[in-house]
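Asker: Residue strings, one per chain:
2 protein chains.
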Amino acid sequence: MDEANGEIYFALRDFRSDFASISCSGPDFVQWVFVNHAIKLLKSSIGLFQTVVQDRDHKFLTRAVEEAYKGVDCGDGGPFGAVVVRNDEVVVSCHNMVLKHTDPTAHAEVTAIREACKKLNQIELADCEIYASCEPCPMCFGAIHLSRIKRLVYGAKAEAAIAIGFDDFIADALRGTGFYQKASMEIKRADGKEAIIAEQVFEKTKAKFQMY
Amino acid sequence: MDEANGEIYFALRDFRSDFASISCSGPDFVQWVFVNHAIKLLKSSIGLFQTVVQDRDHKFLTRAVEEAYKGVDCGDGGPFGAVVVRNDEVVVSCHNMVLKHTDPTAHAEVTAIREACKKLNQIELADCEIYASCEPCPMCFGAIHLSRIKRLVYGAKAEAAIAIGFDDFIADALRGTGFYQKASMEIKRADGKEAIIAEQVFEKTKAKFQMY
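As given, the protein sequences belong to chains B and D, one line each in that order.
Per the UniProt record's numbering, the first sequence runs over residues 1 to 212.
Per the UniProt record's numbering, the second sequence runs over residues 1 to 212.
Derived by calculation from the structure, the hints in this document are not laboratory data.
Treat the hints with care, as some may be off.
[Unchecked claim] Calculated cross-link-like contacts (lysine-lysine; reagent style DSS-like; alpha-carbon spacing at most 27 Å):
id, chain 1, residue 1, chain 2, residue 2
1, B, Lys193, B, Lys100
2, D, Lys208, D, Lys193
3, B, Lys206, D, Lys206
4, B, Lys204, D, Lys70
5, D, Lys59, B, Lys208
6, B, Lys157, D, Lys193
7, B, Lys100, B, Lys118
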């Protein structure tokens with residue numbers, strides 16, 4: 001961050017010094033110097049912005065990783081952590097609670113989304129980001145999508161979790177490798193009258209509930 | 001069901017009567033009559049089995065559809081219901097609770113899985129089936145997969161829900177149409193040192209927690 005600040009400082013200093021020495025030049029040259037320095041300044045600002053983003057991403061991702069360790073130490077579940085952030089502040093910091101809550105859906109990301117929504121009293125997190133210690137599984141990615149979170153930053157690739165024995169379907173959300181095709185359960189879709197009855201639910205109720 | 005029972009009755013009666021009339025025939029003919037009738041009996045049994053399966057599927061799917069209506073009537077959430085069944089008995093019957101619980105993950109299927117696991121005090125539902133009033137979205141399908149449920153029966157196609165305004169990502173789980181590609185959020189994977197730190201979590205903790 002100091003490095004990027006320094007770059008901006010030098011870009012501004014060069015800008016001022018060049019402007020001082022072009023007082024006797026024509027307007028085209030002044031314009032050229034101006035554009036040239038504006039580009040330099042912009043580049044330095046982008047550098048600063050990237051450094052700031054990297055610094056905050058590092059901070060929150062580290063927190064998610066710490067949560068992953070904490071979850072295992074507490075015996076709450078697997079080594080996964082997730083942090084929901086809004087306006088650079090942590091809303092919730094959670095870890096996997098599958099064992100603690102006897103709930104196979106209590107992955108770190110799902111838990112963090114639930115807790116954040118409860119805390120903020122809203123069903124959408126459109127102004128939030130989520131930091132996950134590991135690539136989210138399809139269930140978690142679905143939950144992230146449904147909560148309208150605007151940004152996901154994750155640490156470990158799914159392979160790191162699969163390598164120690166976790167279900168390889170973790171990798172399927174972000175790669176689109178169709179985990180449903182690997183499912184061993186039998187899937188049956190109703191047909192005929194039953195399908196019609198089930199589909200009528202939507203038409204019959206659409207005026208009665210609030211869309212979300 | 002009565003019709004299939006009747007078929008078995010007649011198949012058995014014909015079997016007995018044919019056996020009575022072949023007392024003076026050779027062993028090849030006896031064998032032929034036996035095999036022929038065994039096939040008939042088997043066919044009738046399959047018919048009975050299919051009818052029984054259809055009857056129970058109809059019963060539980062109807063219950064899931066009723067839950068969908070109930071959820072809207074209560075104002076708890078969208079028109080979706082799900083029922084978890086074990087040994088022909090309903091373990092839990094739930095509906096969408098997104099609005100009631102201010103929780104975007106509280107879809108009917110996820111809610112039913114959570115409640116069933118809590119009730120049975122186990123994190124796997126390998127001996128259970130789930131009946132959903134509508135095709136499960138990727139999050140719910142992920143949850144069903146994670147809970148190891150052995151059979152999924154669903155009513156409405158995703159299109160019926162999409163037609164009244166629900167997110168078209170519902171259709172992506174069972175068709176593998178890559179909902180992640182439609183996501184508008186920014187996704188960033190950590191690299192370098194951060195990725196290593198995050199991936200080390202698994203190696204460093206694998207001996208400390210119970211795999212599930």
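Asker: All the hints need checking, so say for each whether the structure fits it.
Answerer: Tested hints:
The suggested pairing of lysine 193 (chain B) with lysine 100 (chain B) is violated, with an alpha-carbon distance near 42 Å, which exceeds 27 Å. Distance restraint check for lysine 208 (chain D) and lysine 193 (chain D): the Cα-Cα separation of roughly 24 Å lies within the 27 Å cut-off, and the hinted pair is therefore satisfied. Between lysine 206 (chain B) and lysine 206 (chain D), the direct Cα distance comes to roughly 48 Å. Violation of the 27 Å bound is thereby established for this hinted pair. For a cut-off of 27 Å, the pair hint linking lysine 204 (chain B) to lysine 70 (chain D) stands: about 12 Å separates their Cα positions.
The straight-line distance between the Cα atoms of lysine 59 (chain D) and lysine 208 (chain B) is roughly 26 Å, inside the 27 Å bound, and the hint therefore holds. Simply put, lysine 157 (chain B) and lysine 193 (chain D) have alpha-carbon atoms about 13 Å apart, close enough for the 27 Å limit, and the pair holds. For the hint pairing lysine 100 (chain B) with lysine 118 (chain B), the CA-to-CA distance comes to about 19 Å; that is within 27 Å, so the pair holds.
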